[in-house]
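Visitor: As given, the protein sequences belong to chains A and B, one line each in that order. The first sequence begins at 1 in our numbering and counts up one residue at a time. The second sequence begins at 442 in our numbering and counts up one residue at a time.
No false leads were mixed into what you were given.
Short, incomplete list of chain B residues facing chain A, as computed with Cβ under 8 Å: (1) K544; (2) Q611; (3) M838; (4) L872; (5) R875.
Quick caveat, the hints were computed from the structure, so don't treat them as lab data. In this text the structure is predicted, and so the values were computed from the model without any measurement. Glycine residues also receive a C-beta, built at the ideal position from the N, C-alpha and C atoms.
Spelled out from the first residue to the last, the chains are:
Number of protein chains: 2
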Amino acid sequence: MNTIKQIVIKNGIEAEELKNFMGKKVTLHGSIYKIRKMSGFAFVLLRTKRAVVQCIYSEEFATFALEELVEESTVKVEAEVILEERSKVGYELRLLSLKILSKPLEEAPVVIHNKLVEASIDTLLNYRPITLRNERERAIFKLQEGIAGGFRKFLAEQKFTEIHSPKIVQMGAEGGANIFSLNYFGKEAYLAQSPQFYKQMMVGVFERVYEIAPVFRAEKHDTSRHLNEYTSVDFEMGYIESFEEIMQMESCMLKATLSYLKEYYQKELFLLNISLPVIEEIPTIRFNEAKELVAKEYNRTICDMSDFEPEEEKLLCEIIERTTGSEFVFVTHYPSSKRPFYAMEDPKNTEETLSFDLLFRGLEITTGGQRIHDFKEQVDKLLKRGMNVEDFQSYLMMHRYGMPPHGGLGLGLERFTSKLCNQNNVRYATLFPRDINRLQP
Amino acid sequence: MNTIKQIVIKNGIEAEELKNFMGKKVTLHGSIYKIRKMSGFAFVLLRTKRAVVQCIYSEEFATFALEELVEESTVKVEAEVILEERSKVGYELRLLSLKILSKPLEEAPVVIHNKLVEASIDTLLNYRPITLRNERERAIFKLQEGIAGGFRKFLAEQKFTEIHSPKIVQMGAEGGANIFSLNYFGKEAYLAQSPQFYKQMMVGVFERVYEIAPVFRAEKHDTSRHLNEYTSVDFEMGYIESFEEIMQMESCMLKATLSYLKEYYQKELFLLNISLPVIEEIPTIRFNEAKELVAKEYNRTICDMSDFEPEEEKLLCEIIERTTGSEFVFVTHYPSSKRPFYAMEDPKNTEETLSFDLLFRGLEITTGGQRIHDFKEQVDKLLKRGMNVEDFQSYLMMHRYGMPPHGGLGLGLERFTSKLCNQNNVRYATLFPRDINRLQP
Numbered sequence: 001m002n003t004i005k006q007i008v009i010k011n012g013i014e015a016e017e018l019k020n021f022m023g024k025k026v027t028l029h030g031s032i033y034k035i036r037k038m039s040g041f042a043f044v045l046l047r048t049k050r051a052v053v054q055c056i057y058s059e060e061f062a063t064f065a066l067e068e069l070v071e072e073s074t075v076k077v078e079a080e081v082i083l084e085e086r087s088k089v090g091y092e093l094r095l096l097s098l099k100i101l102s103k104p105l106e107e108a109p110v111v112i113h114n115k116l117v118e119a120s121i122d123t124l125l126n127y128r129p130i131t132l133r134n135e136r137e138r139a140i141f142k143l144q145e146g147i148a149g150g151f152r153k154f155l156a157e158q159k160f161t162e163i164h165s166p167k168i169v170q171m172g173a174e175g176g177a178n179i180f181s182l183n184y185f186g187k188e189a190y191l192a193q194s195p196q197f198y199k200q201m202m203v204g205v206f207e208r209v210y211e212i213a214p215v216f217r218a219e220k221h222d223t224s225r226h227l228n229e230y231t232s233v234d235f236e237m238g239y240i241e242s243f244e245e246i247m248q249m250e251s252c253m254l255k256a257t258l259s260y261l262k263e264y265y266q267k268e269l270f271l272l273n274i275s276l277p278v279i280e281e282i283p284t285i286r287f288n289e290a291k292e293l294v295a296k297e298y299n300r301t302i303c304d305m306s307d308f309e310p311e312e313e314k315l316l317c318e319i320i321e322r323t324t325g326s327e328f329v330f331v332t333h334y335p336s337s338k339r340p341f342y343a344m345e346d347p348k349n350t351e352e353t354l355s356f357d358l359l360f361r362g363l364e365i366t367t368g369g370q371r372i373h374d375f376k377e378q379v380d381k382l383l384k385r386g387m388n389v390e391d392f393q394s395y396l397m398m399h400r401y402g403m404p405p406h407g408g409l410g411l412g413l414e415r416f417t418s419k420l421c422n423q424n425n426v427r428y429a430t431l432f433p434r435d436i437n438r439l440q441p
Numbered sequence: 442m443n444t445i446k447q448i449v450i451k452n453g454i455e456a457e458e459l460k461n462f463m464g465k466k467v468t469l470h471g472s473i474y475k476i477r478k479m480s481g482f483a484f485v486l487l488r489t490k491r492a493v494v495q496c497i498y499s500e501e502f503a504t505f506a507l508e509e510l511v512e513e514s515t516v517k518v519e520a521e522v523i524l525e526e527r528s529k530v531g532y533e534l535r536l537l538s539l540k541i542l543s544k545p546l547e548e549a550p551v552v553i554h555n556k557l558v559e560a561s562i563d564t565l566l567n568y569r570p571i572t573l574r575n576e577r578e579r580a581i582f583k584l585q586e587g588i589a590g591g592f593r594k595f596l597a598e599q600k601f602t603e604i605h606s607p608k609i610v611q612m613g614a615e616g617g618a619n620i621f622s623l624n625y626f627g628k629e630a631y632l633a634q635s636p637q638f639y640k641q642m643m644v645g646v647f648e649r650v651y652e653i654a655p656v657f658r659a660e661k662h663d664t665s666r667h668l669n670e671y672t673s674v675d676f677e678m679g680y681i682e683s684f685e686e687i688m689q690m691e692s693c694m695l696k697a698t699l700s701y702l703k704e705y706y707q708k709e710l711f712l713l714n715i716s717l718p719v720i721e722e723i724p725t726i727r728f729n730e731a732k733e734l735v736a737k738e739y740n741r742t743i744c745d746m747s748d749f750e751p752e753e754e755k756l757l758c759e760i761i762e763r764t765t766g767s768e769f770v771f772v773t774h775y776p777s778s779k780r781p782f783y784a785m786e787d788p789k790n791t792e793e794t795l796s797f798d799l800l801f802r803g804l805e806i807t808t809g810g811q812r813i814h815d816f817k818e819q820v821d822k823l824l825k826r827g828m829n830v831e832d833f834q835s836y837l838m839m840h841r842y843g844m845p846p847h848g849g850l851g852l853g854l855e856r857f858t859s860k861l862c863n864q865n866n867v868r869y870a871t872l873f874p875r876d877i878n879r880l881q882p
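Bound-form chain A, shown alone (with noise of 0.2 Å):
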């Protein structure tokens, strides 16, 4: 019998730590990323994991020929950092010996290594595995990490509790006809629209909680803005006394969001020249007044009074921004007959819910609302709309043994991240996109 010892991991030296290493002998390994022959030298760029290092090599000095080198060949390298003021980094990398740890089967059928891949959607999707390793293409997953990380760390913060609720499930949640079912053990089942049900159930237990998780939509649109798959950020909490808290709360975690990105992931975006919209105080506007504000600035007829279309969407958030300067805005009060069972109307007029989307750079990111808390105003919903009441029992339990008034909101992470990244497609900003032609990679 052995052990397995609490050592301290060797990570190896960081590239950000290189220019403390001046004048030394340092390790390093990582991916041969490009090859640039010069005359009598050559340009070796290396991959780790979240930078391209650039190597010198030359004869001289290496006890290894430059032929031995093939791109995208794994790496073990001894290299020295010279001072040298003309480059940018202030170093030079200089390869002294070389230790290949695997090389690949043939050249890539992409090209990687530009700045851009120069490529077609299509084709930057099917050969994903390797497109990814394109340093600009990783860091929109890098920076997407970091959206992530900020929006926990501020639901955290706030006393927000992580869940994980499950993804089959009996229910859908958001109705409609947009959900896959599948054979569970002889029953249908169903894949999460969202965590709607359990959110809500779980702010009777921890007050406040989220999830950052898939979710399933089996929509038809073959669509920039759509996706059959993708991660929701999803947030719920209870003892609000308006609908507007929740905005608040939003508001307060994109910004926090945004600090956190600034603070800790300046590198991509730099990479990816994305400037951050600043966030003062997003403007709100009620959902009739938009349609027409819309229809009035551009002439436009509105085909459709209960429902926005995308280009209304890109529309008002130009009139927005051109009059306020902000790059999100609120939309609220949307038409009940557009939302959920679930949705709470206002009071003042049934006609219309609690509730409201976020549009950011033209593109709705997040649907939210307060939901109904009592049991008899949720049943008579569900009547109301010819719903069976039967159905929905497991949900019901937490009106009928008590809820504190309550609600929520779900942004998608996909296409918050495209548009942060000025990318036309959320498809951009999805590791590997499932749509209604993919399924692979």
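Fit chain B to the given chain A structure using the hints.
Guide: Okay, now just chain B, sitting in the frame of chain A:
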């Protein structure tokens, strides 16, 4: 148009801060957890986000009648914090005024406000939205938050990048029949049994990655250890020199997480009466030796030389704890026949793999190992197993275009939580369990 202000969010006073308000009036909100009538006064327990706060009701001070209070109603109260040396917390909370926010329709059919919920596991789970309101029941999940939080903190420090991989997939990663299938726009698709393929691909991108997300297993076992959906903590790391590095990483992760719980979750550890295991050096034993050790020590016949029986895992843990004091044990070198096609075989003996399980208090909580990174080696193994290489083209892309030596593991969050809480059924540590008979709530 209005604006949503960046106000400082008012959380109200947290129960933990009450002692700072000695002699002052405070406003609190929460659920009425329990009312205990005494002679001339009453104890009123208020359930808040993380605490149960004891208040004193007396006609002398209160502006409302005790009869107005109903258990599980949600309220806002004004109270005075009075120095009281006989109290455990050092003060007494004297109720002054009351605002009722909501009332339950009826009394819960399960008594939830005693120390333990006295109910069968089926009743406990059938009434989950209510029984989770029990102070100890919910503490298990607060602790689970801490476990996931501790893992994340450690992995971020070790430069792992968090990823979100798809759960609807075209190919199962773990083989076998225990996979849920669904109709994906006319194509057959599956629910991911693990993020295996994707985390490996992402090692080619970020070198070190992790994911904490749901996985799905269509296993027909109805045992205390099996769930059909659970939360898997997966990490995968590149540039390893041996599979022992993965075990070292896990040891350090567990150690760091236990410290994290000690620092931030003392309240729940105390409430649940948990003594955290101590990790110094985790013993390791080879699979073959472990089988023989258990057979010899307990005079058992070995029925299956290629796998562990649950009883053997229990007995092995007993021996290890007795002889070394450790509640954890790594079992290494599992037979190739029992490991998936991507497991790397031991070059010294190809009947065995460079893999391990981690057992904790009698239960397997982790499976991990080194993976094949060479294209030809992986294709050969697929062929040897009679598998169709064509099916794995998108998985093999990373091998084809270059991968570092790598490996990783998956840890069952609910299993680890249940064992840490000394529960004998994993369902006790699962928020809303899914098993062969349970799809609700």
